[in-house]
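Residue numbers (my numbering), protein chains in the order written: chain A, 1 to 132; chain B, 1001 to 1400.
These are calculated hints, taken from the structure and not from any lab test.
Don't take each hint at face value.
[As the list claims (entries may be wrong)] These stretches of chain A come out as covered by chain B in the derived footprint (C-beta under 8 Å, 3 or more residues):
id, stretch
1, 45-55
2, 79-88
[As the list claims (entries may be wrong)] With the Cβ distance kept under 7 Å, some of the chain B side facing chain A (calculated, not the full set):
id, residue
3, P1129
4, T1132
5, G1145
6, A1157
7, Q1158
8, M1161
9, Y1167
10, G1168
11, D1206
12, A1210
13, Y1211
14, W1260
15, T1272
16, K1378
[What the hints assert, rightly or not] According to the in silico footprint, chain A covers these stretches of chain B (three or more CB under 8 Å from chain A):
id, stretch
17, 1020-1026
18, 1190-1199
Ideal Cβ placement from N, Cα and C applies to all residues, glycine included.
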Amino acid sequence: MAEQIPLVDYLVLGDEPHLVANQCTGCGARFFDRRNACASCGKTEFTKVGIDTTGEVRAFTIVSFAAPGVPVPYVAAMVDCGGTSVRGNLINVAPDPEHVSLGMKVRLATEVIGTDEQGTEAIGFGFEPVGG
Amino acid sequence: MASDDLWILGIHMTKFGKHPDEDLVDLASEAVQGALADGGVTMADMGVIGAGNLMMAQAGIGQQVQKQLGQTGVPVYNVSNACATGATALRVACMAVKSGEADMGLAFGVEKLSGAGLLAGGSRKEESPTWTPSGRYGAVAPIDGRIGTEIMPGVFAQIGMEYGHRYGGTSFELFARISEKNHSHSTLNPKAAYSKKMSLEQIMGDIMIAYPNTRPMCSANCDGAAAAVVVSGAKLKTLSLEQQRRAVKIAASVLTTDPWEESCQILPDVNTLTRNAAVQAYEQAGIGPSDLDLVELHDCFATAELVHYDNLMLCETGGAVDFFNSGATWRDGSMPVNVSGGLESKGHPIGATGIANVWEVATHLRGEAGDRQIVGAKVGLAHVIGLGSACGVHILEKAA
Chain A
1 MAEQIPLVDY LVLGDEPHLV ANQCTGCGAR FFDRRNACAS CGKTEFTKVG
51 IDTTGEVRAF TIVSFAAPGV PVPYVAAMVD CGGTSVRGNL INVAPDPEHV
101 SLGMKVRLAT EVIGTDEQGT EAIGFGFEPV GG
Chain B
1001 MASDDLWILG IHMTKFGKHP DEDLVDLASE AVQGALADGG VTMADMGVIG
1051 AGNLMMAQAG IGQQVQKQLG QTGVPVYNVS NACATGATAL RVACMAVKSG
1101 EADMGLAFGV EKLSGAGLLA GGSRKEESPT WTPSGRYGAV APIDGRIGTE
1151 IMPGVFAQIG MEYGHRYGGT SFELFARISE KNHSHSTLNP KAAYSKKMSL
1201 EQIMGDIMIA YPNTRPMCSA NCDGAAAAVV VSGAKLKTLS LEQQRRAVKI
1251 AASVLTTDPW EESCQILPDV NTLTRNAAVQ AYEQAGIGPS DLDLVELHDC
1301 FATAELVHYD NLMLCETGGA VDFFNSGATW RDGSMPVNVS GGLESKGHPI
1351 GATGIANVWE VATHLRGEAG DRQIVGAKVG LAHVIGLGSA CGVHILEKAA
């Protein structure tokens, strides 16, 4: 099997792919990026926490017109994963308003986004309908 | 008038649209000369200059304009604050006059955007031959389009959809009807970039950019400038009765940024900072939303206008859909919103927008808005959002 690398460092691959956040030890605020401090309380200590892999779509858009090189249409969304908001595309679903809806239940899914010159696969993530 | 009040002495907006033969300095100069003439003053009277431009923010537009209109040696603050750039320039003049460092200040904003297309989403560049993590997410490839969207029509689409998820009642057609209102309003505005009435069918049938925003539901890229002269109450008392009569009171001038909220780094939160700015502005002005005769708010997309009815407290919390459906925000309704045509048709030359909306309100308060005059307007509010985020709110009152 080809070597794999996650698209972003907050995606953990393996048997049960999931996202991890930096959680502030002071106030519990969660962030997906590298932190200098907490934007909510200013403290500088964080712990890694796993994020629920199922959630509910709180907002979406179907992008039909994008920057050069970005395939369209695609569904961009904000998903509420057990109280933590996550940005991601909705995948494995037709990108139209008949198949995508506010409040729909989704789960994390991964997909290969490409292979580099060394043969390493980059793995991205999105959310797919549950029981769809 | 109280000595420490702030007033707009002169204000001007260029026609918005395509100005291929005028550069940034030409457009800014036209606005500044118009504002100075309107106020009956000159560059020599200005004690401070706030100069707003986004796309050429490193160019020092304030000094470039001075070099054409008057190098008086006063401090220039070149500002850039996304779509709140113009309001930020105005805040610079307001703060300087309020503090007593100047008794008169100039603010202007200018942008050339005709034909600019999408203004964000460019993070996807050439991909490297081997995956190498970089940036704050350790990304091995560009993420725009792979992990959500960076394009503004898509970001603001989600903001409107989130409101719909929370309170219900939204639909593609509802958002398109908001756009229909603003395009209808624009037919009375000779300074609008686009002043063509559009039917609901035309709007919904146009090119889809980011569902539910079709092209006419997006702000129009165009060229334009606006400028204002701010004066203290003390100084205004020394000027002519005609200058005093046409002066418009700045009853509130507020700028906020977005406080941390759970999801604000996932989908920008344009709600909390707008509500905070509105609360501060109503308190400064000593009025409530029901006292407003007209509102110019930041309809960068039709989906955005809806949420700001709520954020500016023009309606009850959660009641924006019913409020719009009641007809309140049409020009003949109880709370006319974007009678200029809004950013969707008047246009959105980014740096100019936060002063142009103040010009629109001031022009109605002076009774000089021509065919689109809101009769008897005494108090109005101008609002802008710069994503990132910054929110400017100004409340204006007609001179007594």
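Verification of the supplied hints:
| no. | hint | in the structure |
| --- | --- | --- |
| 1 | 45-55 | violated (count 0) |
| 2 | 79-88 | holds (count 6) |
| 3 | P1129 | 5 Å, holds |
| 4 | T1132 | 9 Å, violated |
| 5 | G1145 | 4 Å, holds |
| 6 | A1157 | 4 Å, holds |
| 7 | Q1158 | 4 Å, holds |
| 8 | M1161 | 4 Å, holds |
| 9 | Y1167 | 11 Å, violated |
| 10 | G1168 | 9 Å, violated |
| 11 | D1206 | 11 Å, violated |
| 12 | A1210 | 5 Å, holds |
| 13 | Y1211 | 4 Å, holds |
| 14 | W1260 | 4 Å, holds |
| 15 | T1272 | 13 Å, violated |
| 16 | K1378 | 38 Å, violated |
| 17 | 1020-1026 | violated (count 0) |
| 18 | 1190-1199 | violated (count 0) |
Checked against the numbered hints given earlier, this structure breaks hints 1, 4, 9, 10, 11, 15, 16, 17 and 18; the rest are met.
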